[in-house]
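Chemist: As a plain string of letters, each chain reads:
Protein chains: 2
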Amino acid sequence: MDWQSEVTEQGVTERAFTLEVGEEAVPGIVWTPADRPVRATVLIGHGGTQHKRTPGVLSLARRLVRHLDYASVAIDAPGHGERREGAEERVLPNQLRARVAAMSPEQMEAAAKRNAGAVGEWKATLDAVEKSVGINGPFGYWGVSMGTGIGLPFVASESRIAAAVFGLMGVGPRVGSERLAEAARKVTIPVLFLFQWDDELMEREQGLALYDAFGSAEKTMHINPGGHIEMPPFERDAVEAFFGRHLGRPAG
Amino acid sequence: MDWQSEVTEQGVTERAFTLEVGEEAVPGIVWTPADRPVRATVLIGHGGTQHKRTPGVLSLARRLVRHLDYASVAIDAPGHGERREGAEERVLPNQLRARVAAMSPEQMEAAAKRNAGAVGEWKATLDAVEKSVGINGPFGYWGVSMGTGIGLPFVASESRIAAAVFGLMGVGPRVGSERLAEAARKVTIPVLFLFQWDDELMEREQGLALYDAFGSAEKTMHINPGGHIEMPPFERDAVEAFFGRHLGRPAG
Chain A
1 MDWQSEVTEQ GVTERAFTLE VGEEAVPGIV WTPADRPVRA TVLIGHGGTQ
51 HKRTPGVLSL ARRLVRHLDY ASVAIDAPGH GERREGAEER VLPNQLRARV
101 AAMSPEQMEA AAKRNAGAVG EWKATLDAVE KSVGINGPFG YWGVSMGTGI
151 GLPFVASESR IAAAVFGLMG VGPRVGSERL AEAARKVTIP VLFLFQWDDE
201 LMEREQGLAL YDAFGSAEKT MHINPGGHIE MPPFERDAVE AFFGRHLGRP
251 AG
Chain B
1 MDWQSEVTEQ GVTERAFTLE VGEEAVPGIV WTPADRPVRA TVLIGHGGTQ
51 HKRTPGVLSL ARRLVRHLDY ASVAIDAPGH GERREGAEER VLPNQLRARV
101 AAMSPEQMEA AAKRNAGAVG EWKATLDAVE KSVGINGPFG YWGVSMGTGI
151 GLPFVASESR IAAAVFGLMG VGPRVGSERL AEAARKVTIP VLFLFQWDDE
201 LMEREQGLAL YDAFGSAEKT MHINPGGHIE MPPFERDAVE AFFGRHLGRP
251 AG
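Heads up: the sequence lines are chains A and B, in that order. At position 49 of the first sequence the residue is numbered 49 (our numbering), and the sequence of numbers has no breaks. At position 156 of the second sequence the residue is numbered 156 (our numbering), and the sequence of numbers has no breaks.
The shape of chain A in the complex, shown without the other chains:
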């Protein structure tokens, strides 16, 4: 783990790092409480076209540190953030569906392969966090949309993760669906599955099918109206309550 920078504000220490994984240099961030021991750690997987410090990731990371004394860890997914070639892409909500629909089978296959490769990067990150930061769990995972596409196979193959939040994803007649359903069946840890009832990218039946597929005895699905990027802010409270229940919370 090669540390790049460190800054502390409002009780949260943010440290940027680069981790060599095979031929890839994976950039990431660790957020920790500035002056309290780490109670648990949540790995945060961003969505497609986003990056490790996208506003939603940053606010969740800081919130977990401040409210629960957790550490948060995020990395850039392959082809995203600092690993992106070319200018940053800005996709408007109403373009999401057309953008995904316009992908060729070859592009879909390439994306699925890229996501599969990212599983090893998360494992290496977890190893490094344990070794270099001295954090020994418990660990949780949070990632919706592409964060589920990458995170679900990761969590299914990783016994160190004790609780996971997924969402904005489904299984059906699409490339990579069977692999995702297979991963879901292997997951037995508690799961919170967040879904948007009017998601432009995912049929309701596909979301319900993925919820069904999870092998976990404790799995809760939260459904809200609205599109892919319109999840209500109060679901962040639910995420915090979920992790607090399974990874621990401050007394009182």
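Since the hints were derived computationally from the structure, they do not count as laboratory data. Bear in mind that the values here come from a model prediction, so they are computed numbers and not experimental data. Everything hinted at is true.
Since the list can't tell identical chains apart, any single copy or any two copies may satisfy a pair.
Calculated cross-link-like contacts (lysine to any residue; reagent style SDA-like; alpha-carbon spacing at most 20 Å):
no.	residue 1	residue 2
1	131	1
2	123	18
3	113	175
4	113	100
Place chain B on chain A using the hints.
Modeler: Quick look at chain B alone, frame taken from chain A:
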């Protein structure tokens, strides 16, 4: 409102009352903080075969008082609790489905009519609580299963209720379903809808259809595995968070 008894324990004052509504004497209970002002009030509708002080109602009522400084109010539904003729009924979980399946169309119709009559009793209770207890809102409603069967038409026709929790109910090819769906379409306040994915009494599609029917801009459905009476205890945390968000919560 005719007060019957009063007892205070662990910060919660519990007062039993009887309210004359037409020809009916409706027995109820009001729980309030023993030594703090009332922040908001939640009306609690019990389920079929239960009563106003059934363990689930009692624990929710006390919890809302202790954690949120709310008042809680419960009444016996028609034919339930002190209004029941004959010995108390004890229905085992695995008998639920057979029991409902064995109901004749006439019995279903009678139950639906009885539930419709209960709407007026809740309105009278709310009037009395405002007048005699001096509580002026905001008001919420909580009721699943029969508590939704009665509470949904009540809430749909009652502008004083600001947020409601429903659940364990659906709409489909059953007596009373159209009336329930019609009521749901009229509801525009925030709704939390709790559903059990393996409910012996309700098809998944029926639950999803009722969620769909709500006219509310904010409506969240929580789905968990398990049968009609197996809702996970942590959904009580979600109920508390929901009411806290809409009816107010203590600072800090």
